[in-house]
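Undergrad: First to last, the sequence lines map onto chains S, H and G.
Under our numbering, think of the first position of the first sequence as 1, with each following residue one higher.
Under our numbering, think of the first position of the second sequence as 1, with each following residue one higher.
Under our numbering, think of the first position of the third sequence as 1, with each following residue one higher.
Honestly, the hints are just simulated from the structure, not real lab data.
Beta carbons are placed, not taken as given, at the ideal position from N, Cα and C, and that holds for glycine.
Treat the hints with caution; some may be incorrect.
[What the hints assert, rightly or not] Pairwise CB distance ranges, derived in the manner of DEER restraints:
1) H/74 <-> S/73: 31 to 39 Å
2) H/45 <-> S/54: 39 to 47 Å
3) S/62 <-> H/38: 12 to 20 Å
4) H/58 <-> S/14: 36 to 44 Å
[Unchecked claim] Listed below are several chain H residues computed to face chain G (Cβ distance under 8 Å; list not exhaustive):
5) 102
6) 104
7) 106
8) 137
9) 146
10) 148
11) 179
12) 183
13) 186
Okay, here's what each chain looks like letter by letter:
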Amino acid sequence: MTVVIWVCAAMLSIAAVLVLTRMAVGPTMLNRVVAMDVLIAIVVAGLGLEAALNRHATTLPILVVLSLVGFVGSVSVARFATHDDKGEGS
Amino acid sequence: MSTDTSNDLPGDVPSRRTGVQWPMLIGLTVVWVLLWGGLSVANVVSGLVVAVIVTLVFPLPPIVFGGRLRVRGLAVLIGRFVVELMVASVQVAGQALRLGRQPLNAVIEVDLRSHSDLYLTLTAELLSLVPGSLVVEVRRSTSTLFLHVLGVRNEADVEEARRRALLQEERVMRALASDEELAAYLSEGVGR
Amino acid sequence: MNWFDIVSAACLLAGCALSLIAAIGLIRFPDLLSRMHAGTKPQVLGLLFILVGVGLRLRDWSDVGMLLAVAMFQLMTAPVAAHMVGRAAYRRGAVRRDTLLVDELTPALEAENRD
């Protein structure tokens with residue numbers, strides 16, 4: 001089990017680096033929002049992995065919070081992006 | 001729970017509900033109990049109190065649901081959804097890993113044959129959840145969805161995507177619609 | 001190590017692999033809407049795999065209930081967020097026309113604006 005978890009953790013780390021690259025490169029706000037959504041999914045996966053490794057449930061409430069907060073974040077940014085001017089070049 | 005459907009036709013946004021809505025209350029209470037992670041009297045009672053407050057403070061527009069749940073249709077809907085989710089995920093994964101030029105995409109218009117907010121919403125949700133199709137725009141008045149489809153090579157692929165969206169709607173209808181709605185829906189399909 | 005753990009490990013591996021592939025897609029796809037398709041994968045199927053894997057490993061009903069709540073929230077909210085972002089992208093013209101084989105929305109929007 002430990003080997004599997006480490007392989008998974010390695011995959012998630014590479015994924016997180018790639019997503020962070022996309023977030024840094026952009027080029028628009030919306031691209032970054034999409035990257036952030038994926039990053040949240042990766043964080044949720046990482047926390048789940050840790051819970052599975054150590055067989056405890058203390059981090060599960062964080063998963064609930066993350067799955068809700070990520071949604072609010074991307075919706076509000078999308079909302080601003082429709083209304084804002086051409087300041088953030090597309 | 002069916003409400004009066006005569007003045008709730010798609011096109012005009014109906015006014016917000018007042019009063020107690022049992023399905024909503026039960027749903028919110030179940031979520032509350034799941035979050036506390038244990039079934040106890042205190043949990044259920046406090047959940048009910050919170051649910052009542054939430055439904056009174058934030059009333060929602062009514063959903064016109066005159067249909068009935070068909071167990072078989074629902075099983076087909078969920079089963080096919082899981083299969084499509086797997087297949088589409090593998091396809092999108094293959095496309096992400098493929099070397100060379102990426103295939104083209106398309107934005108297509110899908111005219112749904114049903115005229116109900118509920119079925120429109122459910123179909124759109126299910127289509128969005130499957131990777132490879134994304135709802136970009138919705139016309140509530142005509143029940144039209146605009147889908148962004150990933151990886152199309154030719155016209156045949158475009159038509160295939162359109163057909164898949166309509167099949168998704170048909171499964172939703174077969175799972176939830178009442179007999180009259182289903183009959184009207186199927187008869188409208190013959191004309192196309 | 002029993003059967004539950006083996007299935008759980010397989011689920012965790014599948015979920016993480018999907019996340020990695022999604023991240024690769026996020027880097028490689030040419031425009032915003034294609035990237036969103038890549039993003040849907042870890043959010044839906046990948047996350048479901050992970051949650052099943054964790055549930056099989058913990059094997060405790062109250063924890064499974066909480067995992068179920070996470071899955072439910074995610075399935076309900078992910079399409080809404082995706083639609084909001086996709087719609088904003090399209091309306092702002094952040095879509096690259098040269099990646100589209102067919103575009104049936106632009107004429108429809110123009111007809112709407114004329115009225």
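Undergrad: Would you mind marking each hint as holding or not holding in the structure?
TA: Now the hints, each set against the structure:
1. The supplied range of 31 to 39 Å is met by residue 74 of chain H and residue 73 of chain S, whose beta-carbon atoms lie about 33 Å from each other.
2. In this structure the hint that residue 45 of chain H and residue 54 of chain S lie 39 to 47 Å apart at CB is violated, the actual value being about 34 Å.
3. Separation of residue 62 of chain S from residue 38 of chain H is about 18 Å and conforms to the stated range, judged on CB atoms against 12 to 20 Å.
4. Distance hint for residue 58 of chain H and residue 14 of chain S: a CB-CB separation of about 42 Å, consistent with the stated range 36 to 44 Å.
5. For residue 102 of chain H, the suggested interface contact is upheld, since its CB lies about 6 Å from the closest CB of chain G, less than 8 Å.
6. At a threshold of 8 Å, the smallest CB-CB gap from residue 104 of chain H to chain G is about 4 Å, leaving the interface hint in force.
7. The closest approach between the C-beta of residue 106 of chain H and any C-beta of chain G is roughly 4 Å, which is under the 8 Å cut-off, so the hint is satisfied.
8. Checking residue 137 of chain H against chain G by beta carbon gives a least distance of about 6 Å; that is within 8 Å, so the hint holds.
9. The criterion of a C-beta within 8 Å of any C-beta in chain G is met by residue 146 of chain H, whose closest approach is roughly 5 Å, and the hint holds.
10. For residue 148 of chain H, the interface hint holds, the least distance from its beta-carbon to any beta-carbon of chain G being 5 Å, beneath 8 Å.
11. For residue 179 of chain H, the interface hint is violated, the least distance from its beta-carbon to any beta-carbon of chain G being 28 Å, above 8 Å.
12. For the restraint placing residue 183 of chain H at the interface with chain G, the shortest Cβ-Cβ distance is roughly 29 Å, beyond the 8 Å limit, so the hint is violated.
13. At about 26 Å, the closest approach between the beta carbon of residue 186 of chain H and any beta carbon in chain G exceeds 8 Å, and the interface hint on this residue is violated.
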